[in-house]
Structures are given as C-alpha cells and as structure tokens.
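Novice: Kindly produce the complete structure, drawing on both the sequences and the hints.
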Amino acid sequence: MTVDEMLAAARSALDRAEPADAWRLQAEGALIVDIRPIAYREAEGEIPGSVPVERIHLEWRLDPAGEHRLPGVHADLPVIVVCNEGYASSLAAADLRRLGLSRATDLVGGFRAWRAAGLPVRPGGTPAVP
Numbered sequence: 001m002t003v004d005e006m007l008a009a010a011r012s013a014l015d016r017a018e019p020a021d022a023w024r025l026q027a028e029g030a031l032i033v034d035i036r037p038i039a040y041r042e043a044e045g046e047i048p049g050s051v052p053v054e055r056i057h058l059e060w061r062l063d064p065a066g067e068h069r070l071p072g073v074h075a076d077l078p079v080i081v082v083c084n085e086g087y088a089s090s091l092a093a094a095d096l097r098r099l100g101l102s103r104a105t106d107l108v109g110g111f112r113a114w115r116a117a118g119l120p121v122r123p124g125g126t127p128a129v130p
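If you read the sequence shown in full-length UniProt numbering, its first letter stands for residue 1, the second for the next number, and so on.
For the record, the hints were derived by calculation from the structure and aren't laboratory data.
Errors might be hidden in some of the hints.
Said to hold, decoys possible - Derived Cβ-Cβ restraints for the label pairs, each shown as a range:
| # | residue 1 | residue 2 | range |
| --- | --- | --- | --- |
| 1 | A43 | G118 | 12 to 20 Å |
| 2 | T2 | R98 | 18 to 26 Å |
| 3 | A116 | P71 | 15 to 23 Å |
| 4 | R122 | E5 | 34 to 42 Å |
| 5 | A20 | G66 | 19 to 27 Å |
| 6 | V121 | G29 | 19 to 27 Å |
| 7 | P64 | P130 | 13 to 21 Å |
| 8 | G72 | P127 | 14 to 22 Å |
| 9 | V121 | T2 | 30 to 38 Å |
| 10 | E67 | V121 | 16 to 24 Å |
| 11 | V129 | S102 | 20 to 28 Å |
| 12 | G118 | E67 | 22 to 30 Å |
By construction, the Cβ of each residue, glycine as well, lies at the ideal position given by its N, Cα and C atoms.
Specialist: Here is the structure:
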C-alpha cells in the first residue's frame, strides 16, 4: 500500500471538517488537537482553545480507555485533529478512530486553511502536552 492509498483509506472513514465547521464544532464542545511541531506553531500561530499534542504522544493522550489520557477524553468526545495542511491529520484521526474515538476527524486544509478562512488565531509557542 502506498501513502496515497493509506491517506485515501483514512479519509474514506472520516467526516472531515471544513474550517467554519470546525470552529462551530469547537464552540459546541469539540476538542481541537494541534499535532504540528512547535516550530510551526511558533511561526504561524495556533487556534485559540486548541490543545497541542506532539504526534508521538497522540494515541496515549487521547485513548479513551488509557491511563495517560487527557482529562475529559471519552469515547463520544468530538475531536478534530489539525496539522499544517490536512494530510498527517487525516492519518492521525483514523488512528484515533481505531482507538475508539468514533467522532474523531480532521481539519480539511489544516491550520493554513483555518487561517486563510479568517478564523481566530493566537500567537503560537504553547508547549505540547507532555
């Protein structure tokens, strides 16, 4: 399987969120998880209210049955994963679905699409959840 095939398979199982939809979902209680490296977050900013989680820790922090999960994470929590342009986030959201987060998805176009849509951005550099 190629990476393009993996991406297509991941996206086929997701109801991906456009930026305006992600903003609405966040207001309704969805958790936005930013998996971009800190250098990107420092340079380009962050989505207000998002939680930065390094990709290498993602499954441990969002496993609804795991002892290392973030407070408030449960199987029915809507989670929107954000990367830079919406590729790595699709693969990550598919992994979260396999962990039992049935409402996990990602942001179409990633952080850059959010910013291009004129949605709120705060200065970046928030340390990732350890």
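Novice: Would you list, in rising numerical order, the hints stated earlier that this structure does not obey?
Specialist: 3, 5, 10 and 12
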